[in-house]
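Participant: Can you build the whole structure from these sequences, using the hints too?
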Amino acid sequence: MSDLLETDGERLLTAVRALLQRKGVVTEEEIAERRAATDNASPGQGARMVAKAWLDPAYRELMLSDGTKAAEALGIPMRGMPPLGVLENAPKLHHLVVCTLCSCYPRAVLGYPPFWYKSAAYRARAVRDPRALLASEWKTVIPDDVTLRVVDSTADYRWMVLPMRPAGTEGWDEARLTAIVREGDMIGVTIPSV
Amino acid sequence: MFAPGDRVRVKDAWPEHQGPAHIRTPYYVRGVEGEVVRHLGDFANPEDLAFARPAAKVPLYHVRFRKDRIWPERKPDDEILIEIFGHWLERP
Amino acid sequence: MDKEAEREAKRATHDLGGASKFMCEAVDVEPHELTEFDRQVDALRGVLGAKAVMTVDELRRGIEAIPEADYLRLSYYRRWIRSITDNLLKHGVITEAELRAELEKA
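Chains as they are written, first to last, in this note's numbering: chain D, 1 to 194; chain C, 1 to 92; chain R, 1 to 106.
Note that these hints are calculated values from the structure, not bench results.
Every residue, glycine too, gets a C-beta built ideally from N, C-alpha and C.
Treat the hints with care, since some could be wrong.
30 Å max Cα-Cα, derived DSS-like pairs, lysine-lysine [what the hints assert, rightly or not]:
{"hint": "1", "chain 1": "D", "residue 1": "K23", "chain 2": "R", "residue 2": "K105"}
{"hint": "2", "chain 1": "R", "residue 1": "K21", "chain 2": "D", "residue 2": "K139"}
{"hint": "3", "chain 1": "R", "residue 1": "K3", "chain 2": "D", "residue 2": "K23"}
{"hint": "4", "chain 1": "R", "residue 1": "K3", "chain 2": "R", "residue 2": "K21"}
{"hint": "5", "chain 1": "C", "residue 1": "K57", "chain 2": "R", "residue 2": "K90"}
Far from chain C, some chain D residues (derived; all Cβ distances over 12 Å) [claimed, not checked]:
{"hint": "6", "residue": "G44"}
{"hint": "7", "residue": "P83"}
{"hint": "8", "residue": "T140"}
Listed next, the stretches of chain C that the computed footprint assigns to chain R, with coverage defined by at least 3 CB atoms under 8 Å from CB atoms of chain R [said to hold, decoys possible]:
{"hint": "9", "segment": "23-37"}
{"hint": "10", "segment": "45-51"}
{"hint": "11", "segment": "56-68"}
Facilitator: Structure follows, in structure tokens:
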């Protein structure tokens with residue numbers, strides 16, 4: 001069997017799909033539907049949640065107490081998804097999310113995990129030397145008087161960061177705020193700025 | 001059951017060296033002391049799910065560790081927050 | 001040996017937090033567009049999970065069973081399809097003979 005598993009991935013996929021389809025286990029339509037649903041999730045969804053939390057204290061409360069409900073409140077599909085937890089940054093506390101065991105990622109609200117998130121280097125360095133990692137790879141400097149809390153996503157929850165609203169955005173509306181929130185801000189490798 | 005604020009120690013156990021195993025407790029916190037932040041809920045035990053065995057629901061906790069307890073080389077007030085299942089925790 | 005070095009000596013391949021061999025490795029932060037293959041494997045896993053053919057934990061177990069040299073060499077989704085195949089064979093959803101025959105056809 002081991003030789004079979006060493007077959008090139010593309011050939012394995014083609015063969016496995018053909019077999020599953022012939023046996024009626026999985027249809028091509030089901031795969032296409034699933035793919036479309038996954039392709040639809042993107043960091044723009046998480047960004048909408050962040051912007052709304054910046055403007056609406058009640059929504060922020062909901063987001064911090066139940067991320068799944070907060071996502072659903074904005075029409076983001078969460079059925080069948082792992083529970084979403086939200087980690088709030090503060091003037092003296094910065095969060096950074098990693099999955100050292102595999103690549104658990106809040107896909108429902110951020111989409112597919114980026115390449116770097118899945119890399120061995122990120123997974124190794126994020127827990128052990130996060131300040132140097134952020135400074136060297138993202139030019140993100142966490143001041144010494146700010147506690148850095150690394151969140152290793154090891155089990156059933158998925159975690160996203162609620163960053164602090166940057167100065168200079170006073171009076172901005174939700175759409176304008178949404179546009180400045182990037183993928184990395186919601187994992188903690190970057191900080192929103194204007 | 002553990003409550004927020006409880007001091008706990010992660011078991012210094014290495015089932016992956018005793019046969020096929022699937023574990024969600026990172027190696028680097030085994031034997032390390034931390035503090036329970038909260039109970040996140042009860043979830044089917046992944047150590048059984050991974051082998052398609054019937055899986056009982058087990059409590060999952062968010063546990064906070066001082067990073068210098070794990071890797072003493074770095075800034076002491078940084079923290080690592082990890083989801084750990086109750087059966088991996090003991091009272092120090 | 002330091003406590004942390006003792007622990008690290010016992011870590012499994014996929015258990016990468018703080019792994020010394022990667023501490024000096026740069027992170028490739030450039031965007032990498034997923035390929036058609038990547039998306040198809042991802043979707044297949046999703047359907048198999050939704051239909052309770054295999055759990056995400058079984059996917060992970062199968063990935064963790066990949067020998068270290070292959071684990072580090074294979075792309076992310078090549079690990080996935082290998083684990084998916086491993087699990088389908090284990091569950092008897094497909095058989096070794098069927099898979100061999102199908103691979104020869106292609």
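Participant: Under the criterion that the straight-line Cα-Cα distance not exceed 30 Å, is the pair K3 (chain R), K23 (chain D) satisfied?
Facilitator: Violated. K3 (chain R) to K23 (chain D) sits at ~52 Å, over the 30 Å cutoff.
Participant: Does K90 (chain R) lie within 30 Å of K57 (chain C) when you go C-alpha to C-alpha?
Facilitator: 24 Å, holds
Participant: Checking C-beta pairs, does the segment 56-68 of chain C have three or more residues closer than 8 Å to chain R?
Facilitator: violated (count 0)
Participant: Mind checking the alpha carbons of K21 (chain R) and K139 (chain D) for me, to see if they're no more than 30 Å apart?
Facilitator: 23 Å, holds
Participant: According to the definition I'm using, a residue is off the interface if its beta carbon is farther than 12 Å from all beta carbons of the partner; does P83 (chain D) meet that for chain C?
Facilitator: At about 7 Å from chain C, P83 (chain D) fails to clear the 12 Å cut-off, so the statement is violated.
Participant: Taking a Cβ-to-Cβ distance below 8 Å as contact, does the segment 23-37 of chain C have at least three residues touching chain R?
Facilitator: holds (count 5)
Participant: Examine the segment 45-51 of chain C: at least three residues should have C-beta closer than 8 Å to a C-beta of chain R.
Facilitator: holds (count 4)
Participant: Holds or violated: are the alpha carbons of K23 (chain D) and K105 (chain R) at most 30 Å from each other?
Facilitator: Roughly 17 Å between the alpha carbons, so the hint for K23 (chain D) and K105 (chain R) holds.
Participant: CA of K3 (chain R) to CA of K21 (chain R), is that 30 Å or under?
Facilitator: 17 Å, holds
Participant: Taking the minimum C-beta separation from G44 (chain D) to chain C, is that value above 12 Å?
Facilitator: 27 Å, holds
Participant: So is T140 (chain D) really clear of chain C, every C-beta pair being over 12 Å apart?
Facilitator: Holds: least Cβ distance 15 Å, greater than 12 Å.
Checked against the numbered hints above, the structure violates hints 3, 7, 11; every other hint is satisfied.
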